[in-house]
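Protein sequences, first through last, are from chains A and B. Position one of the first sequence corresponds to residue 1 (our numbering), numbered consecutively onward. Position one of the second sequence corresponds to residue 1 (our numbering), numbered consecutively onward.
Calculated from the structure, these hints are not laboratory results. Owing to the predicted nature of the structure, the values given are computational and were not obtained by experimental measurement. The beta carbon of each residue, even a glycine, is placed where N, CA and C say it ideally should be. Please note that a few of the clues may not be correct.
Unchecked claim - Covered, in the sense of this in silico footprint (three residues per stretch, anywhere, with C-beta under 8 Å from a C-beta of chain B), are these stretches of chain A:
| no. | segment |
| --- | --- |
| 1 | 189-203 |
| 2 | 290-301 |
| 3 | 325-337 |
So you can see what is in the structure, the chains are spelled out below.
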Amino acid sequence: MPNPAPRPEGELEELKRIWEPPKGIHFLSAVNNNYVGVWYVGTAFLFFVLAGALALIMRTQLAQPELRLIGHELYNQLFTMHGTIMMFLFAVPVVEALSVFLLPNMQAARDLPFPRLSAYAFWAYFFGGLAFFCSLFFGLAPNGGWFMYPPLTSYIYSPGINADFWLLGIGFIEISAIAGAIEIIVGVLKTRAPGQSLDKLPVYSWAMLVFALMVIVAFPAIIAATLLLELERAFHWPFFIAEKGGDPLLWQHLFWFFGHPEVYVIFLPAAGMVSMIVPAMAQTPLVGYRLVVLAVIGTGFLSFGLWVHHMFTTGLPQLSLSFFSAASMAVSIPSGIQVFAWIATIASGKVQNKTPTYFILGFLFIFVIGGLTGVMVAMVPFDWQAHDTYFIVAHFHYVLIGGMVFPMFAAFYYWAPTASQRPLSETLGKWAFWLIFIGVNVTFFTMHITGLMGMPRRTYTYIAEMGWGPFNLISTFGAYTIGAGVLVFLIDLAKNFRPYQGDLGNLWNAGTLEWLPSGNYQTRSIPVITSREPLWDQPNLSDDVEAGRYYLPGAQTGGRETIVTSPIDARPQYVLQIPGPSWRTVFAAFFTAAFFIGLTIKLYTPAFVCGVLAVVFVIWWLWDSDPGPAEVGEIEIGGGLKLPTYTTGPMNHSWWAMIILMIVAGMVFGCIVFSYFFLWTISPRTWPLSAAALPAIWWPIGAAALFVASSLLVWLAGRKLSLVPERSAWPTRIALVLAVPLFIGGIALEVLGQLETGLRPSESGYGAVVYTLASYQGFLVAVLAIMGLYTVVRSLAGCLNRVRRSTFDNTQLFWHYGVAQGLVALLIIHAFPRLLG
Amino acid sequence: MGDTDFIRKSLFMVGGLLIWGAHFGLVYIFNAMACARHFAGLRYLGFGVVPLTVSVLTLVALAATIVVLLLAFWRRGPARALRDQKPVNDFMRYTTITVAALSLIAVAWNGIPALVVPPCGYALP
Numbered sequence: 001m002p003n004p005a006p007r008p009e010g011e012l013e014e015l016k017r018i019w020e021p022p023k024g025i026h027f028l029s030a031v032n033n034n035y036v037g038v039w040y041v042g043t044a045f046l047f048f049v050l051a052g053a054l055a056l057i058m059r060t061q062l063a064q065p066e067l068r069l070i071g072h073e074l075y076n077q078l079f080t081m082h083g084t085i086m087m088f089l090f091a092v093p094v095v096e097a098l099s100v101f102l103l104p105n106m107q108a109a110r111d112l113p114f115p116r117l118s119a120y121a122f123w124a125y126f127f128g129g130l131a132f133f134c135s136l137f138f139g140l141a142p143n144g145g146w147f148m149y150p151p152l153t154s155y156i157y158s159p160g161i162n163a164d165f166w167l168l169g170i171g172f173i174e175i176s177a178i179a180g181a182i183e184i185i186v187g188v189l190k191t192r193a194p195g196q197s198l199d200k201l202p203v204y205s206w207a208m209l210v211f212a213l214m215v216i217v218a219f220p221a222i223i224a225a226t227l228l229l230e231l232e233r234a235f236h237w238p239f240f241i242a243e244k245g246g247d248p249l250l251w252q253h254l255f256w257f258f259g260h261p262e263v264y265v266i267f268l269p270a271a272g273m274v275s276m277i278v279p280a281m282a283q284t285p286l287v288g289y290r291l292v293v294l295a296v297i298g299t300g301f302l303s304f305g306l307w308v309h310h311m312f313t314t315g316l317p318q319l320s321l322s323f324f325s326a327a328s329m330a331v332s333i334p335s336g337i338q339v340f341a342w343i344a345t346i347a348s349g350k351v352q353n354k355t356p357t358y359f360i361l362g363f364l365f366i367f368v369i370g371g372l373t374g375v376m377v378a379m380v381p382f383d384w385q386a387h388d389t390y391f392i393v394a395h396f397h398y399v400l401i402g403g404m405v406f407p408m409f410a411a412f413y414y415w416a417p418t419a420s421q422r423p424l425s426e427t428l429g430k431w432a433f434w435l436i437f438i439g440v441n442v443t444f445f446t447m448h449i450t451g452l453m454g455m456p457r458r459t460y461t462y463i464a465e466m467g468w469g470p471f472n473l474i475s476t477f478g479a480y481t482i483g484a485g486v487l488v489f490l491i492d493l494a495k496n497f498r499p500y501q502g503d504l505g506n507l508w509n510a511g512t513l514e515w516l517p518s519g520n521y522q523t524r525s526i527p528v529i530t531s532r533e534p535l536w537d538q539p540n541l542s543d544d545v546e547a548g549r550y551y552l553p554g555a556q557t558g559g560r561e562t563i564v565t566s567p568i569d570a571r572p573q574y575v576l577q578i579p580g581p582s583w584r585t586v587f588a589a590f591f592t593a594a595f596f597i598g599l600t601i602k603l604y605t606p607a608f609v610c611g612v613l614a615v616v617f618v619i620w621w622l623w624d625s626d627p628g629p630a631e632v633g634e635i636e637i638g639g640g641l642k643l644p645t646y647t648t649g650p651m652n653h654s655w656w657a658m659i660i661l662m663i664v665a666g667m668v669f670g671c672i673v674f675s676y677f678f679l680w681t682i683s684p685r686t687w688p689l690s691a692a693a694l695p696a697i698w699w700p701i702g703a704a705a706l707f708v709a710s711s712l713l714v715w716l717a718g719r720k721l722s723l724v725p726e727r728s729a730w731p732t733r734i735a736l737v738l739a740v741p742l743f744i745g746g747i748a749l750e751v752l753g754q755l756e757t758g759l760r761p762s763e764s765g766y767g768a769v770v771y772t773l774a775s776y777q778g779f780l781v782a783v784l785a786i787m788g789l790y791t792v793v794r795s796l797a798g799c800l801n802r803v804r805r806s807t808f809d810n811t812q813l814f815w816h817y818g819v820a821q822g823l824v825a826l827l828i829i830h831a832f833p834r835l836l837g
Numbered sequence: 001m002g003d004t005d006f007i008r009k010s011l012f013m014v015g016g017l018l019i020w021g022a023h024f025g026l027v028y029i030f031n032a033m034a035c036a037r038h039f040a041g042l043r044y045l046g047f048g049v050v051p052l053t054v055s056v057l058t059l060v061a062l063a064a065t066i067v068v069l070l071l072a073f074w075r076r077g078p079a080r081a082l083r084d085q086k087p088v089n090d091f092m093r094y095t096t097i098t099v100a101a102l103s104l105i106a107v108a109w110n111g112i113p114a115l116v117v118p119p120c121g122y123a124l125p
């Protein structure tokens with residue numbers, strides 16, 4: 001490596017043909033990250049503009065005391081939608097979308113490891129998000145604040161379907177985010193350029209890895225919370241109703257356990273982007289790379305210790321509050337490390353007078369101010385004064401706009417040359433920057449003052465005597481200035497952004513791999529790298545890559561390929577056969593969105609039909625996803641290195657995806673278990689006082705036995721599979737088919753046992769949480785039943801044997817997880833009260 | 001083989017922060033239970049049960065974090081796998097040490113309030 005021999009005739013043309021996107025309307029079925037990434041970013045930016053428009057309406061209403069431009073009903077919907085859309089439909093999706101586009105390119109991978117999954121995540125978000133936004137036009141938008149606290153948002157005080165739009169709409173969009181996170185973890189760890197060991201991993205990749213790990217740990221909490229609140233609203237299961245043994249604080253704990261990491265989930269990718277842009281703008285490597293990696297990891301962990309700082313005024317014990325106050329201060333250390341690293345890098349280089357630099361400097365200024373007010377509100381007594389005032393609004397807009405929006409604009413100007421046939425305009429960019437920068441400071445700095453003067457959040461007007469009028473007018477003026485800046489950016493976009501394949505070369509003279517020459521196949525060959533800034537340190541790298549002198553210059557399997565590498569050293573392990581365009585994912589996403597929207601608007605039969613169709617399209621899509629080894633067998637990727645085209649076991653990328661999915665499922669389960677113990681702590685009177693109130697011990701013992709038996713059968717099926725095709729596949733098939741009713745029987749026994757005691761979920765918090773544990777287990781049983789039967793069908797179709805067994809391995813992994821989860825649930829429900837009594 | 005190796009090495013690398021997480025969870029749950037179930041007023045050895053327990057947990061967490069730091073520094077225990085002088089091993093060893101150092105600060109910061117702040121509130125012990 002690099003291989004000096006010339007490449008054969010037609011090899012490049014074949015590569016281009018294989019990666020060519022479909023034409024006409026079929027272009028929408030493309031799954032390649034270069035296209036899906038652009039659509040995804042574009043949709044997220046659309047939501048930014050829409051939510052910003054809502055903000056302008058609110059600011060207009062607040063410009064003067066006692067204006068009556070809009071009434072309080074609409075105002076409540078506006079602030080709820082502004083917050084919800086910005087946080088759920090813009091902030092997280094845009095950073096995920098940018099990574100869909102950038103991450104493979106930065107690691108010289110040809111695509112993400114599961115392109116159809118990210119296409120599904122995009123389309124589900126597109127359909128679901130737009131439908132959710134349209135609720136505004138019917139007066140059905142959620143109106144309980146973006147954090148939707150019960151009891152206000154429960155069935156008594158919010159009887160309409162507004163809250164259901166939020167719960168079902170956002171709950172399902174979070175599934176999109178989690179799917180993306182699974183992809184990012186596997187992408188960062190398993191699809192890198194050979195030689196791109198962990199010490200040479202771009203900071204952006206580190207940031208996305210931590211982002212994705214945080215998503216899979218934190219986002220299940222919002223899924224659990226929305227599940228519980230929807231069950232309360234729809235079926236009156238009283239999780240949050242104090243009189244029946246529930247507690248409104250349970251929602252707050254679950255929501256903020258998600259909600260606080262969520263803001264760092266938003267910030268870390270932006271910080272990662274800044275760590276890539278600053279060295280390029282300053283033309284010098286990042287100062288303190290290892291400490292910046294420490295900071296990213298440290299932020300990821302410590303941010304999970306902050307959530308109660310959103311609940312300082314709820315009457316929780318003083319020392320408990322202090323733990324969160326301390327952690328909220330401690331988390332500023334890693335942020336500070338990064339800020340100093342960036343400043344040092346700028347100081348040690350020669351920073352270019354270009355638009356990305358402006359947005360980076362603006363980010364530093366605004367984000368640091370936001371961080372400082374963050375440490376202020378981390379002080380409990382100060383927060384007791386500032387909570388629910390405009391001081392908090394000022395703080396979080398400074399950290400979010402400073403910490404994510406400015407880096408996003410910097411990223412647009414910086415990376416546009418890789419996505420567009422023309423760069424964006426320097427002149428318009430600087431105009432946009434100054435308008436947005438001045439506008440943000442005028443709007444939100446003033447709000448610190450308004451807040452300290454006592455103006456509360458979420459009020460549609462105020463009286464003149466409070467003296468808030470002039471400050472609100474200033475903030476409104478600032479908001480329109482921001483609007484003007486965004487408009488300038490939109491003009492720039494319309495004039496100059498021409499997707500898809502940018503061919504402008506390494507305009508900034510940057511050092512990282514996304515700036516290699518590329519086509520729709522990404523790079524002609526996949527390089528071996530020996531440095532963190534390969535384009536600066538490895539001479540002739542671009543020419544050698546373009547000439548095909550590295551790995552995989554052609555497509556020997558006749559399909560799309562990339563290299564899977566080991567997670568620490570990035571040693572090539574096998575060649576991943578990547579799927580191509582597919583309409584199935586688009587339809588699966590459409591019907592998934594339709595299912596959730598149908599439930600929301602209470603059209604149950606159409607919703608059910610759409611749900612079934614969604615499952616059908618997902619299964620149809622999955623059918624191609626386990627191709628087995630390619631016909632050509634092992635292939636020589638270059639430099640004498642031969643790699644398999646298929647693998648199974650812990651090295652396989654889908655095995656990793658299943659493990660991560662198990663963590664997600666486990667976290668949702670953990671949140672429901674937390675709810676069980678939390679409600680027991682708060683309302684022990686509703687817990688069974690003796691074993692007599694519980695189901696007889698034979699029910700859970702029977703259920704456990706059936707669960708374990710099903711696991712044994714699946715294990716046996718696996719043993720028999722390792723003899724196929726030399727021996728018959730029927731033992732495997734029969735074992736799997738029998739495992740399904742055993743598993744179903746187990747959960748049925750549990751539910752029957754509870755019903756027999758007369759316990760009902762709507763009578764108490766205890767009943768609600770017990771039946772929720774059972775229902776969640778039932779959901780997993782249903783999913784596994786489908787997976788088990790699907791595996792049997794694969795076998796009948798001749799697609800399953802001892803070599804080609806990923807489908808079975810994934811089913812088996814998840815099955816054993818499902819059984820283990822069921823056993824833990826049985827233990828908690830049946831052993832814990834007996835231990836107390 | 002490289003992949004299961006990865007889980008062990010990376011869990012050790014972030015070991016300090018895993019200890020922080022466990023410490024945080026335990027002290028928070030303990031104080032919450034002490035206040036919810038009204039046993040915060042108990043005293044042992046002349047100390048309130050909450051400051052005593054939190055202090056003990058803090059010292060244990062600090063000690064465990066120091067063990068992780070020293071194992072990495074001396075390339076012992078789980079850090080034996082990092083003995084080959086490769087840039088990536090040096091990087092993982094460095095990160096293990098700095099993560100542990102950050103954790104020491106965070107654990108101490110989290111534990112100190114128990115010495116100063118009343119467990120439940122002014123009205124309750």
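A quick look at each hint next to the structure:
Coverage of the segment 189-203 of chain A by chain B holds [criterion: at least 3 residues with CB-CB distance below 8 Å; count 5]. Only residues whose beta carbon comes within less than 8 Å of a beta carbon in chain B count, and the segment 290-301 of chain A has 7; three or more means the coverage holds. As drawn, the segment 325-337 of chain A meets chain B at 7 residues by the rule of a beta-carbon pair under 8 Å; at three or more, the given contact holds.
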